[in-house]
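J.: Given next are the chains, with one letter for each unit.
Number of protein chains: 2
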Amino acid sequence: METNIIYLPIIMAIIGLIFMVVKAGWVKKQPAGSDKMQSISKSIKEGALAFLNAEYRLLFIFVIIASVALFGISVLVPTTSWMIVPAFIFGAFFSALAGNIGMRIATEANARTSEAAKTSLPQALKVSFSGGTVMGLGVAGLAVLGLSLWFLFFIGQFVGSSADFYSDMTIVLEALAGFSLGAESIALFARVGGGIYTKAADVGADLVGKVEAGIPEDDPRNPATIADNVGDNVGDVAGMGADLFGSYVATVLAAMVLGNYIIRDMSVDTPFVDAFNNMGPILLPLVIAGVGILASIIGTFLVRISSNDAREAQVQRALDTGNWVAIGLTLLSSYFLIQYMLPEMMYMNLFGRSEAVAVPSINVFWAACIGLAVGALISYVTAYYTSLGKKPVMDIVQNSSTGAATNIIAGLAVGMKSTFWSVLLFAVAIYGSYELAGFYGVALAASAMMATTAMQLAIDAFGPIADNAGGVAEMSELEPQVRERTDILDSVGNTTAAVGKGFAIASAALTALALFAAYVTFTGIDGINIFKADVLATLFVGAMIPVVFSALAMKSVGKAAMEMVQEVRRQFREIPGILEGTGTPEYGKCVEISTKAALKEMLLPGLLTIITPIIIGLLLGAEPLGGYMAGVCVSGVMWAIFQNNAGGAWDNAKKSFEAGVEIDGEMTYKGSPAHKAAVTGDTVGDPFKDTSGPSMNILIKLTCLVGLVIAPILGGHHNDSAEVVDHNQQQKVISVTLASEKDGQTTATIKTLEVQSGKEIASESIIGGTSEEIQQTIEKVKGTIE
Amino acid sequence: METNIIYLPIIMAIIGLIFMVVKAGWVKKQPAGSDKMQSISKSIKEGALAFLNAEYRLLFIFVIIASVALFGISVLVPTTSWMIVPAFIFGAFFSALAGNIGMRIATEANARTSEAAKTSLPQALKVSFSGGTVMGLGVAGLAVLGLSLWFLFFIGQFVGSSADFYSDMTIVLEALAGFSLGAESIALFARVGGGIYTKAADVGADLVGKVEAGIPEDDPRNPATIADNVGDNVGDVAGMGADLFGSYVATVLAAMVLGNYIIRDMSVDTPFVDAFNNMGPILLPLVIAGVGILASIIGTFLVRISSNDAREAQVQRALDTGNWVAIGLTLLSSYFLIQYMLPEMMYMNLFGRSEAVAVPSINVFWAACIGLAVGALISYVTAYYTSLGKKPVMDIVQNSSTGAATNIIAGLAVGMKSTFWSVLLFAVAIYGSYELAGFYGVALAASAMMATTAMQLAIDAFGPIADNAGGVAEMSELEPQVRERTDILDSVGNTTAAVGKGFAIASAALTALALFAAYVTFTGIDGINIFKADVLATLFVGAMIPVVFSALAMKSVGKAAMEMVQEVRRQFREIPGILEGTGTPEYGKCVEISTKAALKEMLLPGLLTIITPIIIGLLLGAEPLGGYMAGVCVSGVMWAIFQNNAGGAWDNAKKSFEAGVEIDGEMTYKGSPAHKAAVTGDTVGDPFKDTSGPSMNILIKLTCLVGLVIAPILGGHHNDSAEVVDHNQQQKVISVTLASEKDGQTTATIKTLEVQSGKEIASESIIGGTSEEIQQTIEKVKGTIE
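Sequence order for the protein chains is A and B. Residue numbers are given in this note's numbering: position 758 of the first sequence equals residue 758, and the series is strictly consecutive. Residue numbers are given in this note's numbering: position 380 of the second sequence equals residue 380, and the series is strictly consecutive.
One or more of the hints may lead you astray.
Pairs count within a copy or across copies, as identical chains cannot be separated in the list.
Claimed, not checked - As a list, the in silico DSS-like pairs of lysine-lysine whose alpha-carbon atoms are at most 27 Å apart:
1. Lys-589 x Lys-36
2. Lys-118 x Lys-655
3. Lys-118 x Lys-676
4. Lys-210 x Lys-670
I should point out that these hints are in silico values taken from the structure, not numbers from a laboratory.
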């Protein structure tokens, strides 16, 4: 059993994918409604597929260029295999596939949800949530399957090629990083492109349709209405699917890389041995991910309501039940898996500690618990700042009475304030999980948050499906009861989306830190010291990137929305009878505008993200790149929380007026000046929460992944250990790192380890001189200590 | 001459203060206009003084509490003298005094400027700029005088008390840090309080007056109009005066502290000796500051126009001439002073380098040039993003045509995008000045930017005076020509204010870095390594503080503005004939509301800034506090640039409509829907650019100053050199730093320096064990090497 445990996640992934196919078949068997409904649904599907296909054509070019670059790296660097290239391509392909599966099922499920809503609310929930489940299992199944198969394949290729297990495994994981890089790159473009698409269509449709022509949302007379519904699918569904696929893979990968360092640290005197082919710490995150799929499947069975009179609270409770059961089962299994797969006592070389620290394996479980607890608390904070009826949203509502300006100020302030508890909790998660089990603990905390991705995504994806179902109902002019039922689902979907974002940010940031730790260890640099001017300078540059990225994304939405506005105005002007419902709008034109704009505009922010770290790494070296990565993470987390929460709060402030709110003792409703101010706030919040905000996650992870992949080629800070370090066991010199030559002077750092009266003493010397002098000194040091 | 050079800055400061008194006398001798004008001016002055007095009462309590805390520190820590307490009190007092002087002259100059504008534009410029000059010289004169006198006094007290000049000087500079801390604390409260006051009054007056009642700006029927004008003085004048006073002192102090490190680094074998009582590098920044005052005075003579038909461009050119002459003169003098006062070749121990680096003194001059060049370029970038007619502002204008939402999105994007070049330039400044002359170079780059503070402030302060003069003209119903002339001055003032902000941010950030460097060196920690989990966690917490601070400041403005709105509405309702001009509004009530709200609301953000670093330092130690400081700096710089530039761009987008702009081929003017959207954007931008944005400067500097002052009490990382290091010259062990005990284990870092074949080899060992074991190891190391 033990030696074959790598097959466990593969089996779980396959079970997940089979269950997905079954669920998808069930959804497709549901009645799809009237011809009109089917035709609308078909238009949406075709528009979405047209966008995805255009996007794939563009990304195909990107993948080819990136593959060539990666191949170049693999030629230059001995520790990087050329197999990083196929892994990268597969990562990109799987990511796109995951988004595609989700998008297809979502466009199948929308009309079927409206049709089911004719019968009952429980049935509508069942159909829409099944759609979400298909997507969740697709993402999780493909991620675990892809990672496991490539890992298995690479192990066969590389492990055992030299006597040093750790070095072989480093090559394996470096190649596997290619899979993650591929996934995350596609995720970035999908998220940004989808985000621009959906908001351009949404804002464009609203500005001319609702505001200028005075027709309701999703009205078939609005030429941009199909584009708007397509946008929900390519942005909220396909974009999110690719995003979470990337996150999931990156989190598991980071934990695996850090697991390998445990093996290294425990192989000082004798090689590390365990029952799991000597790689328990590396396999653990994969196995937990596999178990998470099973737990998620079980959880999905619990998401159901029985009463047709159920309201938001009951639907929410059903989702919560499923979610928490999935989390609970995963955590319980993790407890046993950790005990089973990790050595009872692990030894880790924590940075800045003189000796290897003994860490009981149970600490890893506690780190995972911290991850989950903090994730849940951050979600709670997110929900507080963005929920209907809570103080922050009510505050924005109150401030709407004096106009759009005060509404905007209040919303910005809510978003900014919400960073306080989120960041404090996050700091506690870093500190706590690190204290428990080093960066492996941090990575496992992130893994715990991501383990039930299948369930999380099912919950996240059912919202847009219900939203679309409402659109189909409106456009097909179904009875109001149908819209009411889909609205209940949509409203719950909004809340769960906000909560999901809290988890996503927290896990992305922890993953980025784990990748960051992997990067530092991998490059062999001595930490990231911001007391060096170049590191400090790149820390600032890194912190600027998320800000500029957000600006680019927002501007893109603005530009694309303007084009949409012009087109809708043109159609209203030129097509006779369009507003009376006798002329047919040219929906396709609007779809085309959104498609073109999104593809054009996603390139600059995407390339900025990928190319900047490469330039900094090549120009300045490994430690400044580390500073850059830290800057991107720190600033990215702030801007993600700020933008997501401000956007969510504005949205719900606007929604508050639908049921009516009391302002200065008077009930105020839709259509009032205060409501108009709130609509303005919501429009500002749209690109915040659906375009730039969610991209921050990917931005920070992708930055760290790019760093990790290019780490071996960074000049000036390479480990020159082969040359001067003798690997026999008496040897006390751990490593010699040569720093860059400057003014004819070479500097080297010598790390030594000495055992004195049972205590290990680590020491580090920086020496300078010509290379000959350094060579002499090294010999002398070795002589002295031996 | 050389030994008495400390008297040079004192003389310059006194010359500056005498010139200030003469100028102030001249302003007061100018005709003050009609009784009505004098009465309005008097009301403004009384309101402003009432606010300042109330503020001082509150700050008096703060100063007492802080003094007790500082006294406590001085008792606990041997390197901190109790004299830090009087220095702190004087710093606070001088800062308040500087703001007060500026505010008094500004309220004298406003009506006199309107009166002068009756005659001619050149005369109006002369009066308003003279007012500004008084303020500029007051701030610079008091800063240089205060610093020099305390420095002189402390030298008499402490230098020579032990054989070690460097240690004595450390005590001097630590005590002098108290002066800077006092100045910066008051600056924070003055800036935040003033910022809240002015925007609450402004927004409140506009929302009810302009929007609801439809009466123009500065109309005497508006009860909030006096409060609005008072706000200009307490915020833009007194607040800014205290702010720049604090910046100036902090910059010079940081450079002095880093100068002391040069002396230490050059005293390894024999004590450092020069003609300036052996403290040339410490005195240099003070002397440059003194020379800057003289250069500024000369520059002010060049600010004049002759033609009464001059427009903005001519006024701008006059200001530019004066400014650049002052800068040129200071730079020229610096060139000679640097050659004169610094040893031709300096040796600095740069972090991460094995040997002391030889730095020719001329490098310091080049670092100063980099500082000025980058400061000028950042100002240029700022001007580009915020100026009338340039692409970013025009973009906001175009986006106003589709409503407030698109205007806001465009404005936010402009602010965010503007971080790109500013931060890149800033990174170049850090890297370049550091490469040239280490952190001393960074500090001198900042000093060069701040050297002409007197002139900068004169230019900055004349704007609000002209703005107020326009208000007085409007309220006294003077002929339109007067308002036109003051409007020209006001408009130029807006541009110079934006440019000045670019300089202020850049210099504040560089100063913060210099303080940060001083902190790291002072605590004796081995850099700030963000690869340690606790440092990483505090980096995130630090980055969150500017965001939350900004939110608090913005919310405060919102709350106070709401109270103002209620009061103005009440007066319109209850006072008969008020809108017809027959009833008299109760101006005092509005002044009182702004005063109370500002004082109440400034406390939380102020205390957050001061207390958080203390908590982090005491709980987690020196290195995590360093991470926190870095986080505050990095994030603070982004949010400062973002908020200032977005606010400035919105303001000018709104102003664009006054002359008319072409949107979609149609000329659009004031009163159009697009203009209304632009007004909304401007209202959002108001707290950005006048409350939270400018506070970021102070926030980052104050955080670093608090860190520097509490550095000696941070447990766990103190230099235990007295115990184990033998200071004779054969001694090769440089220092032993004991880190905190943990689980009965003590860790110590031993730094050694060894000369081998003519090369110095610095090495550093981290050892762990019980204290006895460590003692043994230390003895052994000493034995081995000697």
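J.: Compare the structure with each hint and give your call.
T.: Tested hints:
{"no.": "1", "hint": "Lys-589 x Lys-36", "result": "within (20 Å within a copy, 65 Å between copies)"}
{"no.": "2", "hint": "Lys-118 x Lys-655", "result": "within (24 Å within a copy, 55 Å between copies)"}
{"no.": "3", "hint": "Lys-118 x Lys-676", "result": "neither (32 Å within a copy, 45 Å between copies)"}
{"no.": "4", "hint": "Lys-210 x Lys-670", "result": "both (13 Å within a copy, 26 Å between copies)"}
Going through the hint list in order, the structure does not satisfy hint 3, though it satisfies all others.
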